[in-house]
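Going down the list, the sequences are from chains A, B and C.
Numbering-wise, our numbering puts 1350 at position 350 of the first sequence, and it's gapless, one number per residue.
Numbering-wise, our numbering puts 133 at position 130 of the second sequence, and it's gapless, one number per residue.
Numbering-wise, our numbering puts 748 at position 170 of the third sequence, and it's gapless, one number per residue.
What the hints contain is simulated information worked out from the structure, not anything from laboratory work.
From the three backbone atoms N, C-alpha and C, an ideal C-beta is built for every residue, glycine too.
Possibly wrong hints are sitting among the right ones.
[Said to hold, decoys possible] Chain B regions said to be covered by chain C (calculated; three or more residues, Cβ under 8 Å):
#, segment
1, 101 to 107
2, 111 to 120
3, 134 to 148
4, 177 to 190
[Claimed, not checked] Below, computed lysine to aspartate or glutamate pairings styled on EDC-like, alpha-carbon distance capped at 16 Å:
#, chain 1, residue 1, chain 2, residue 2
5, C, Lys600, C, Asp934
6, A, Lys1003, A, Asp1252
7, C, Lys595, B, Glu170
8, B, Lys100, C, Asp843
9, B, Lys156, B, Asp219
10, B, Lys14, B, Asp39
11, B, Lys105, B, Glu89
12, C, Lys769, B, Glu148
13, A, Lys1229, A, Asp1166
14, C, Lys640, C, Glu655
15, C, Lys602, C, Asp934
16, C, Lys678, C, Glu708
17, A, Lys1269, A, Glu1062
18, C, Lys602, A, Asp1017
19, B, Lys218, A, Asp1252
20, B, Lys129, B, Glu148
21, C, Lys830, B, Asp116
22, C, Lys603, C, Asp843
23, A, Lys1100, A, Glu1119
24, B, Lys101, C, Glu655
25, C, Lys678, C, Glu706
26, C, Lys603, A, Asp1017
27, C, Lys600, A, Asp1017
28, A, Lys1011, A, Asp1052
29, C, Lys640, C, Glu686
30, A, Lys1153, A, Asp1166
31, B, Lys105, C, Asp843
32, A, Lys1138, A, Asp1155
33, A, Lys1049, A, Glu1062
34, C, Lys599, A, Asp1017
35, A, Lys1049, A, Glu1006
36, B, Lys105, B, Glu190
37, A, Lys1043, A, Asp1057
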Amino acid sequence: MNKLLEIDNLKVYFFVDPLYTGFTKSNNNEFKSKDIIEDRWIKGKIPVKAVDNVSFDIFNGEILGIAGESGSGKSVTAHSIINLIPSPPGKILSGEILYKGKDILKLSKNELKNIRGKEIGMIFQEPSVSLNPVLKIKSQIFESLMLDKKLNKKDIKKKALTLLADVGITNPESSLNSYPHQLSGGMKQRIMIAIALSRNPSLLIADEPTTSLDVTTQKQIIDLLVNIKKSRTDFSILLITHNLGLIKQICDRVIIMYGGKIQEIGEMKKLFENPLHPYTEGLVGCFPDPNSISTERINGIPGNIPDAIDYPSGCKFHPRCKYAMCLCKNIEPELFLIEKTHFVRCHLYKVNNITDE
Amino acid sequence: MNDNNYIIQIKNLCVSYLTEKNLFSLKSDKIVAVNDVSLDITKGTTTGLVGESGCGKSTIAKAMLRLFNKGLNDVEIKGDINLLFEENPINILKLSKKEMRKLRKHIQIIFQDPSSSLNPRFTVGKIIEEPLIYNTSLNKKERIEKVLFLLEKVGISLDKYSSYPFEFSGGQKQRISIARALASGPELIICDEPVSSLDVSIQAQIINLLMDLQKDFNLSILFISHDISVVKQISRNILVMYMGKIIESGEAGKIYFNSMHPYTKLLISSIPGYMLKNETVIPQIENAENTHRPSACSFVSRCSLAQNICNENEPRLEEIADNHYAACFFCRK
Amino acid sequence: MTSRKYKINSFSPSFLKRRWKKFKKIKRGYYSLIILILLYFISLILPVFIGNSALFVRYNGKYYFPLFKNFSANEFEQHSRNINNSDTKLEGEANYRWLKQEFDEKGENNFVILSLYPYGPNENLLDEMEGNPPHPPSMQHIFGTDDRGRDVLSRLAYGFNISLSFSIIVTFFTFLFGFIFGALLGYYGGKFDFLGLRLIEIWSTLPVIYILIIISSIIRPNFFWLTLLLILFGWVGITYYIRGEVYREKAKDYTMAAVAIGASDLKVIFKHIMPNALIPVISFVPFALVGYITSLVSLDFLGFGLPPPTPSWGELISQGLKNTQYWWLVSAPLGAQFFTLLMIVFIGEGVREAFDPKPFSRYK
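Same shape as in the complex, but just chain A:
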């Protein structure tokens, strides 16, 4: 398979005012790197390491899932793919995002316009906020289609109608003339998908596309995404979610993120059958098995998600890890290769790594 997108050593920090955090040891933690001191607004702020040296690839025609809890950096990773980091407070410090060989982070504003929407589409968590409440659905879809200069007015309407039919809206004609508040959450998300697909992108980034929807609607949207994927060739989806159940349902490969770093990458089946990283194991255990019932305690993960301002030393998961060793407290493990396409960031597998080579 061909690589569609390569992310290499992506590093995104957010810089926050110490007064607005619960964090008091601000002086020890001030950001002092000389490379970026030219940005005056960074002075005196505390860095939040949202994404720290993340590298992965998206292949042509796959569904890649990024799973993680809040603060794991999964959304920030997705947003940086189309350079959508608000700055300040955010800043992409380093890294390359190669889309078909072009580095997205080095593109000018105009060149970015041709990538966003046309090459990479995006849908967000909250469909009711993503649609403009004072514009009719018509003008919001047309707006995106009109960017394609070849289409005339008639074609645009025709295209919009087929798009809406494609995403499973039963009466496209009347939906075009309605306002967002007249539609249900599921319908709005379908329209968001239609807008994202309107310019035939080859990558769709879905950032928690079902989180704010009802369970039954959730299922429909996920089925829709799978159908869209099937009906197009060379079309990839990057699904960001906290729900491992969704990933289990549709993804080919999975990335597990924690504390701004990738903890495990692997093929979905292997990763679920045999989760290697203790965090993945814990996360899988957190989901009450939908196929059985028991009123016993759930095997959760103890402890709290660490504050991104104040990560623990060494492995970021070690305070919550049941296998934690002395080593884990001091040294952060690297991403070890277990077998082809399966990587784990955990000291437990270091030995393996050496014997393999």
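Fit chains B and C to the known structure of chain A by using the hints.
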């Protein structure tokens, strides 16, 4: 069912919101949120209430606490809510405001959004101490002891006593909410989507905590959620609601593995990662509009089993097996 | 207390403390606040620094404190030192500047301690100065005198106190009433809110300026009346705002939780909702002060404000407007007003930054 076994009993509850028609008239429209709901919550057990957003499950919780935000919506409540208090049923809806305030300590609530359910200007100690001030006659020292005891119980480090809510993560805030609810010594705790805004690893912790506390304090819990996979984990009985009505109720195992109502089946098969067991799943008619006529089954527009009878009559909740009730013409005994 | 099982030893700064810390970081606002508070405190004991009463007089072995009690010129057997006729007995209140000169010349044991700048705001200096008023600035009269021969600096300083006191009192009471009405309307809602709002709407359509002008042409308003009138018309705006805030805070779960644990209505409003609803309103306070200072100045300017001879900026400005060739009469009051308002605006800017930060942010 044994009559003295319940902690709270709801009989034929109807709640409707009256909305203002326009700026200049006080005439109003009526939106029926809860329509003829009856339910019992057995002492010392957890009852789960499942349904999609807008089905009226939170309205039931609000009615049980008489916590309506008047002014925005005028509310019309009919029916009875009987709280068993010292062996005598008391109808909550008939109490005066003052009498209700005295009874409030028996029923407590935990909200969905932990960040808005704690007053940002109070310290943790003050938040948990407040119910003790209103509902007990403890002195300052005893109150602090009690607060610290509760903090320990819910797993919050004691030196956070004088911290402010913003210093905590969502899960910790939810623990503080639980401690506040426990402080007045309630018999019933209503959990309104207590875990849906939390991360998965924290969800499990909170559910485990609720289970432990239930044993320790012999609590009855009404667990409201849109996620049946969470509800089935913690509840002994499950009630499924759809558009203001209970459409199926019974023991958790029966509902989950042997669901009869097509809506319940749909709900269960929609759980991400649910494996189908050569069971006929009811495919849903997509994008149907949820217009509800009073003389028809409320689910008829989305149900593929629907026949003429469903459009003409409204099915009642009937016992289809031992302690298993459903409101559908096609799942009678 | 020794039997306590647990120890509590943590301390976190409260919300207001953190905001104060942030405010202190905004230098412009912080220093403006310090200067303004300092100036206001000085203006509260202004006669010590600026005024025609002496601080202390020793005459024939007796001690006098004219700051606290007026003495007539007879007390000191004072003679007039008028430029024209210098040998009559002085009538009325003693003139301490002349008294000091007299004592100095006689060289006896008597002495007078004057204030730093010994001219009163309402004191006519025509007897002491040559030429016609207004007199241009000189060493004795830094900003000159106005068209009735009164010292401009002295009038400005007393005017500062009056303007600021006036606006602080009006702001405090408008916010107080606005808060109480707003909180009740917002919390109880329903028909009470509906009727209350209509009442407020009718009240707020009254043309304030004209009513003030009409009233002040019937009764000559003094300080008390003018404050009362402005409070009467000023509380409406803040009521609207607070009502909205209370509505918003009321919908939050912590309010419901407070009701659920058995708090009474008043406890819920004033213990839970009030501190939270007030936060966004705090940043309005400095701008309200600016507004009321300006309205007092304009009323005085139009001649419908405080009765003469109250030292007021508006009256000075209107004098300046009539005599634009006397530049000090124009620039001094305008400058004083400008710098005062500037400082308050700086404070307001800092408060808003600290309480209601909206960081600048953009996408590429």
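Outcome of the hint check:
no.: 1; hint: 101 to 107; in the structure: holds (count 3)
no.: 2; hint: 111 to 120; in the structure: holds (count 7)
no.: 3; hint: 134 to 148; in the structure: holds (count 6)
no.: 4; hint: 177 to 190; in the structure: holds (count 4)
no.: 5; hint: C/Lys600 to C/Asp934; in the structure: holds, 11 Å
no.: 6; hint: A/Lys1003 to A/Asp1252; in the structure: holds, 15 Å
no.: 7; hint: C/Lys595 to B/Glu170; in the structure: holds, 15 Å
no.: 8; hint: B/Lys100 to C/Asp843; in the structure: holds, 10 Å
no.: 9; hint: B/Lys156 to B/Asp219; in the structure: holds, 10 Å
no.: 10; hint: B/Lys14 to B/Asp39; in the structure: holds, 8 Å
no.: 11; hint: B/Lys105 to B/Glu89; in the structure: holds, 14 Å
no.: 12; hint: C/Lys769 to B/Glu148; in the structure: violated, 45 Å
no.: 13; hint: A/Lys1229 to A/Asp1166; in the structure: holds, 12 Å
no.: 14; hint: C/Lys640 to C/Glu655; in the structure: holds, 14 Å
no.: 15; hint: C/Lys602 to C/Asp934; in the structure: holds, 15 Å
no.: 16; hint: C/Lys678 to C/Glu708; in the structure: violated, 20 Å
no.: 17; hint: A/Lys1269 to A/Glu1062; in the structure: holds, 14 Å
no.: 18; hint: C/Lys602 to A/Asp1017; in the structure: holds, 14 Å
no.: 19; hint: B/Lys218 to A/Asp1252; in the structure: violated, 42 Å
no.: 20; hint: B/Lys129 to B/Glu148; in the structure: holds, 13 Å
no.: 21; hint: C/Lys830 to B/Asp116; in the structure: holds, 9 Å
no.: 22; hint: C/Lys603 to C/Asp843; in the structure: violated, 38 Å
no.: 23; hint: A/Lys1100 to A/Glu1119; in the structure: holds, 10 Å
no.: 24; hint: B/Lys101 to C/Glu655; in the structure: violated, 76 Å
no.: 25; hint: C/Lys678 to C/Glu706; in the structure: holds, 14 Å
no.: 26; hint: C/Lys603 to A/Asp1017; in the structure: holds, 12 Å
no.: 27; hint: C/Lys600 to A/Asp1017; in the structure: holds, 10 Å
no.: 28; hint: A/Lys1011 to A/Asp1052; in the structure: holds, 5 Å
no.: 29; hint: C/Lys640 to C/Glu686; in the structure: holds, 13 Å
no.: 30; hint: A/Lys1153 to A/Asp1166; in the structure: violated, 20 Å
no.: 31; hint: B/Lys105 to C/Asp843; in the structure: holds, 14 Å
no.: 32; hint: A/Lys1138 to A/Asp1155; in the structure: holds, 14 Å
no.: 33; hint: A/Lys1049 to A/Glu1062; in the structure: violated, 29 Å
no.: 34; hint: C/Lys599 to A/Asp1017; in the structure: holds, 12 Å
no.: 35; hint: A/Lys1049 to A/Glu1006; in the structure: violated, 21 Å
no.: 36; hint: B/Lys105 to B/Glu190; in the structure: holds, 14 Å
no.: 37; hint: A/Lys1043 to A/Asp1057; in the structure: violated, 34 Å
Checked against the numbered hints given earlier, this structure breaks hints 12, 16, 19, 22, 24, 30, 33, 35, 37; the rest are met.
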